[in-house]
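Asker: Listed below are the residues making up each chain.
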Amino acid sequence: MKRDIFQAIADPTRRAILVMIAAQALTPNVLAEEFDMTRQAVSKHIKVLKECDLIDQKQEGREIYYQLKIEKMKEVDQWIEQFRKIWETRFNQLDNVLLNLKNTKK
Amino acid sequence: MNSNLLFDFIVDKENKTVTVKREFAANLDLVWDAFTKQELLDQWWAPKPFLSKTKIMNFKVGGRRFYAMVSPEGQENWAIQKYTSISPKTNFKFLNAFADKDENPNLPGSDWDLSFSEQNGTTTVHISIYNDSLERMEKMIEMGFKEGFTATLKQLELLIK
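Just so you know, the sequences run in chain order A and B. Be aware that the first sequence starts at -2, since it is given in my numbering, and climbs by one per residue. Be aware that the second sequence starts at 4, since it is given in my numbering, and climbs by one per residue.
Everything labelled a hint here was simulated from the structure, so no lab data went into it. Just so it is clear, the structure is predicted and the values come from calculations on it, not from any experiment. Idealized CB from N, CA, C, for every residue including glycine. Do not take every clue at face value.
Stated by the list, open to error - Computed, partial: chain A to chain B, Cβ under 10 Å:
(1) Glu57
(2) Ile61
(3) Gln64
(4) Ile83
(5) Asp92
All chains, please: the whole structure from these sequences, using the hints.
Answerer: Printed below as a string of structure tokens:
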């Protein structure tokens, strides 16, 4: 099943995993310890993230390491940022309107 | 913007909801007016360089606001907000739909729920926008607000926390 990025970030644990592996590649064991979860639970999240094409895995010796595909993550970031920006601008304008209203009432 | 004022922006894809929360350094009466009076709304609703142009506004249950976001090139993007519930100075809800200039809506649209509360002279506005599909949210952005920016993971981290 092909998923999209927004499904990946809808879950708080997956967001936390993404933030962690953004800093450095990590093994499933380390992730399981960090989140106090079973390896199976971590695997489930990893599976979703992989299906969303957000993470890469590489084998080093007997260990698997997961790392973030930064360029994919930027797609989400850009989309959300555009939307966020609209509201930020809008509210900054509202701050000014409110300030004017307050001053006229004085 | 006063950095002490809270600003939360959360996109919840699973629940198809965008939540926006913001504090304002003004009392409830003023903030409520700014959200519900045409002449005030038009002063801030459209992010610059866009202009908000309200053609019809009848703030009562069953009433509507028919307005356009006008681009610097003069392109008009029309939308209708139909008020479905109003509890004065506490909450109001509307159904938002894009439309053509003759007020023909492009349904289904999105459900907006706006709550207001004041504490010690600071008013908090909590907006939740429910969309039946992500495409509609994307459409909201496509209404002409594309602007260049450099995104960083750091920002994302802050946004999605």
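Asker: Work down the list of hints and note, for each, if the structure agrees.
Answerer: Going through the hints against the structure:
{"no.": "1", "hint": "Glu57", "verdict": "24 Å, violated"}
{"no.": "2", "hint": "Ile61", "verdict": "23 Å, violated"}
{"no.": "3", "hint": "Gln64", "verdict": "13 Å, violated"}
{"no.": "4", "hint": "Ile83", "verdict": "5 Å, holds"}
{"no.": "5", "hint": "Asp92", "verdict": "6 Å, holds"}
When each numbered hint is compared with the structure, violations occur for hints 1, 2, 3.
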